[in-house]
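Following the hints, complete the assembly by docking chain B onto the known chain A.
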Amino acid sequence: MTQPKTHRFDTLSLHAGAVPDPTTGARATPIYQSASFVFPDSDHAAALFNMERAGHVYSRISNPTVAVFEERIAALEGGVGAIATASGQAALHLAIVTLLGTGQHIVASRSLYGGSHNLLDYTLPRFGIETTFVDARDLDAWRAAIRPNTRLLFGETLGNPGLEVLDIPRVAALAHEHGLPLLVDSTFTTPYLVQPFAHGADLVFHSATKFLSGHGVVIGGVVVDSGRFDWDAGPARGKFPTLSEPYRGFHDMVFTEESTTGAFLLRARREGIRDFGACMAPFTAFQILQGMETLPLRMAKHVANAQRVASFLAAHPFVESVGYPDLPSHPDHALAARLLPRGSGAVFSFSIKGTRAQGRKLIESLTLFSHLANVGDAKSLVIHPASTTHFRMSAEDLRRAGIGEGTIRLSVGLEDPDDLIEDLSRALHAAGKTKP
Amino acid sequence: MHLTVAGHDTYVYTGGRALVPGQPSILFVHGAAHDHSVWALQSRYFAYHGSNVLAVDLPGHGRSAGAPLPSVEAIADWLVALLDAAEVPAAAVVGHSMGSLASLEFAARAAGRVRKVALLGPSVPMPVSEALLDAARRDDHVAFELINGWSHSTPRQLGGNQVPGMWMTGAAMRLLERSPPGVLFADLAACHAYAAGLDAAAKVACPALLVLGERDLMAPARNAQALVTALRDVRVVTLRGAGHALMAEQPDAVLDALRTFVQQ
Numbered sequence: 001m002t003q004p005k006t007h008r009f010d011t012l013s014l015h016a017g018a019v020p021d022p023t024t025g026a027r028a029t030p031i032y033q034s035a036s037f038v039f040p041d042s043d044h045a046a047a048l049f050n051m052e053r054a055g056h057v058y059s060r061i062s063n064p065t066v067a068v069f070e071e072r073i074a075a076l077e078g079g080v081g082a083i084a085t086a087s088g089q090a091a092l093h094l095a096i097v098t099l100l101g102t103g104q105h106i107v108a109s110r111s112l113y114g115g116s117h118n119l120l121d122y123t124l125p126r127f128g129i130e131t132t133f134v135d136a137r138d139l140d141a142w143r144a145a146i147r148p149n150t151r152l153l154f155g156e157t158l159g160n161p162g163l164e165v166l167d168i169p170r171v172a173a174l175a176h177e178h179g180l181p182l183l184v185d186s187t188f189t190t191p192y193l194v195q196p197f198a199h200g201a202d203l204v205f206h207s208a209t210k211f212l213s214g215h216g217v218v219i220g221g222v223v224v225d226s227g228r229f230d231w232d233a234g235p236a237r238g239k240f241p242t243l244s245e246p247y248r249g250f251h252d253m254v255f256t257e258e259s260t261t262g263a264f265l266l267r268a269r270r271e272g273i274r275d276f277g278a279c280m281a282p283f284t285a286f287q288i289l290q291g292m293e294t295l296p297l298r299m300a301k302h303v304a305n306a307q308r309v310a311s312f313l314a315a316h317p318f319v320e321s322v323g324y325p326d327l328p329s330h331p332d333h334a335l336a337a338r339l340l341p342r343g344s345g346a347v348f349s350f351s352i353k354g355t356r357a358q359g360r361k362l363i364e365s366l367t368l369f370s371h372l373a374n375v376g377d378a379k380s381l382v383i384h385p386a387s388t389t390h391f392r393m394s395a396e397d398l399r400r401a402g403i404g405e406g407t408i409r410l411s412v413g414l415e416d417p418d419d420l421i422e423d424l425s426r427a428l429h430a431a432g433k434t435k436p
Numbered sequence: 001m002h003l004t005v006a007g008h009d010t011y012v013y014t015g016g017r018a019l020v021p022g023q024p025s026i027l028f029v030h031g032a033a034h035d036h037s038v039w040a041l042q043s044r045y046f047a048y049h050g051s052n053v054l055a056v057d058l059p060g061h062g063r064s065a066g067a068p069l070p071s072v073e074a075i076a077d078w079l080v081a082l083l084d085a086a087e088v089p090a091a092a093v094v095g096h097s098m099g100s101l102a103s104l105e106f107a108a109r110a111a112g113r114v115r116k117v118a119l120l121g122p123s124v125p126m127p128v129s130e131a132l133l134d135a136a137r138r139d140d141h142v143a144f145e146l147i148n149g150w151s152h153s154t155p156r157q158l159g160g161n162q163v164p165g166m167w168m169t170g171a172a173m174r175l176l177e178r179s180p181p182g183v184l185f186a187d188l189a190a191c192h193a194y195a196a197g198l199d200a201a202a203k204v205a206c207p208a209l210l211v212l213g214e215r216d217l218m219a220p221a222r223n224a225q226a227l228v229t230a231l232r233d234v235r236v237v238t239l240r241g242a243g244h245a246l247m248a249e250q251p252d253a254v255l256d257a258l259r260t261f262v263q264q
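Residue numbers (this note's numbering), protein chains in the order written: chain A, 1 to 436; chain B, 1 to 264.
So here's chain A without its partners, still in its complex pose (with noise of 0.2 Å):
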């Protein structure tokens, strides 16, 4: 039988969205720098406004360099689009703003990156916008937490910082029983090690600043959109007036009728990144595209040095435990299996068997891994979360989020796992010699 044509993930990863530079040739995706783009006459601009011809109006809203980055990153999870957007916190903040307002609820996973739940716990209520945080393994607690006004579901495919694996799947069935889309944030794991989409998820979004380009030079995210979930029918009928009613702010457009597999990304479009104006710069676009050509090289020896060092700490003397699902002593260890074939990622958490004292010790005597907040850069990274990432949670928000004072969390990087190890080897006995 005739094969489909298909292009495969690797391929995808270099050309996706991307064709050489028609009037120049450049066969490197140009960094369009401008502002804005020439009408050939007033019609074409009437055309272009009002969304009868596609096209550039303003960087603000769409810019060529970071469609390329656009169309790429939606290639690779199989959605059917993306807006990037100036950080992953604006991404989130775009994918929330599109659906709810006022009055609405979301159900998130409690393991969530700080500055997450930062926005949900501490910022969104002010507008209106309350969350329930729960047990990201504990399905009876997402199905307790939802209300009549929830509208979405929200969790990080590997949980911050103790890698709580999220069943997708069971998620997403909880999600659409109740008519609502299910949120992955997605940066720990990228396309390459799992495609939410094809478990389930609705929309992913990601901090483009970590894996996806991996240089640890850009601040950037995006949003992506499966284009299945039907925001005007079956049980999500009359719950996204944002999608299925008349816009005031486009004409009365009514984003599900005017397209029926990307209405959330019209909107988003056309009213979130229009109004809340949290676009990405187009060198930032460039710079992140630089880094999607090697995605896939790039998890994989992730990984493999990841996976190395895991296990190299899980049978060191002085420390306690290691939180990386690729372990059989990790609780999610056969999910994991399940969901992320490739591997869990290169972010995980281990505990010393020491004090705060002697794991800032073991931070300070490391060489190779950088002291820093931020995960998915090439090189190695260590921070401890208790003090930094996850400071504003109490206590016992932070024991039930398994982060402990003796938590230290590593992004193992593309060094080679023998010098990795041997770092972490010198800092492990210069913490035990510490006083405690």
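Quick caveat, the hints were computed from the structure, so don't treat them as lab data. A portion of the hints provided could be inaccurate.
As the list claims (entries may be wrong) - Stretches of chain B that chain A covers, calculated by requiring three or more beta carbons in the stretch to come under 8 Å of a beta carbon on chain A:
{"hint": "1", "region": "143–152"}
{"hint": "2", "region": "155–164"}
{"hint": "3", "region": "246–256"}
To be verified - Chain A regions said to be covered by chain B (calculated; three or more residues, Cβ under 8 Å):
{"hint": "4", "region": "15–26"}
{"hint": "5", "region": "47–54"}
{"hint": "6", "region": "68–76"}
{"hint": "7", "region": "225–233"}
{"hint": "8", "region": "255–263"}
Cβ atoms here follow ideal geometry from the backbone N, Cα and C, with glycine treated the same way.
Just chain B now, kept in the frame of chain A:
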């Protein structure tokens, strides 16, 4: 807007504008397992430039109820009923792929109702490979994959969408996946069985436009040559480099071809 056509609730996208009595009307007819949204850009343009737009969801497609119609002839008759329900005496008719066959047949059967007819990606006959028909018969996802692979030109398989941020083949796949079980097979079988295309073409009295994709694998441009011969008043626009997904691959070129033809 919603109309009742042949006893079923029928969705018609009007380009964001209500119909205005007395304005010229333009009817858009989608292809197999598609819906009105494939015409989003073109239909919206006409709605904001002095035309009544009726971009239909055929029965069993998109937001329209009912079962998919069993033949191209049945779709043509249904289009007559649709115009009756919309109280539109006559329209320019634009059809893509299966919709082009239905538009052709409609123009032949109801000469007074069709001012002009534009056929995008037509092929007469429109044989469907046994492999594709068989996969569609089994509601096998492979059918969607085959169509998606054959419908987009090789360069567009890697993107380059004129609509910023949209992944063309991903969006096309999702639209196909939205079609209920059996719809794709019914549509393909109707295309495959339609044998009256050249007879219909000979009966068409109104001006006709053929918009062809130079790299169309689903309905190769050469398959339209017989139509060119059979139609009395015909012009042909071939879109360089385009595959079968003409409105997605080259939305502006399609719009420009339609503008020139319909508004002349």
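Now for the hints, and whether the structure bears them out:
Taking a C-beta to C-beta cut-off of 8 Å, the region 143–152 of chain B contributes 5 residues in contact with chain A, enough for the three needed, and the coverage statement holds. Only when three residues or more bring their CB closer than 8 Å to a CB of chain A does the claim for the region 155–164 of chain B stand; here the count is 9, and the claim holds. With 3 residues having a Cβ less than 8 Å from any Cβ of chain A, the region 246–256 of chain B passes the three-residue criterion, so the hint holds. For a cut-off of 8 Å, the count of residues in the region 15–26 of chain A with a CB near a CB of chain B stands at 5, and the three-residue condition holds.
Residues of the region 47–54 of chain A with a Cβ under 8 Å from some Cβ of chain B number 6, which satisfies the need for three, so the listed coverage holds. Requiring three or more residues with a Cβ within less than 8 Å of a Cβ of chain B, the coverage given for the region 68–76 of chain A holds, as 6 such residues are present. Three residues within the 8 Å Cβ limit are the bar, and the region 225–233 of chain A against chain B gives 4, so the coverage statement holds. With 6 residues having a Cβ less than 8 Å from any Cβ of chain B, the region 255–263 of chain A passes the three-residue criterion, so the hint holds.
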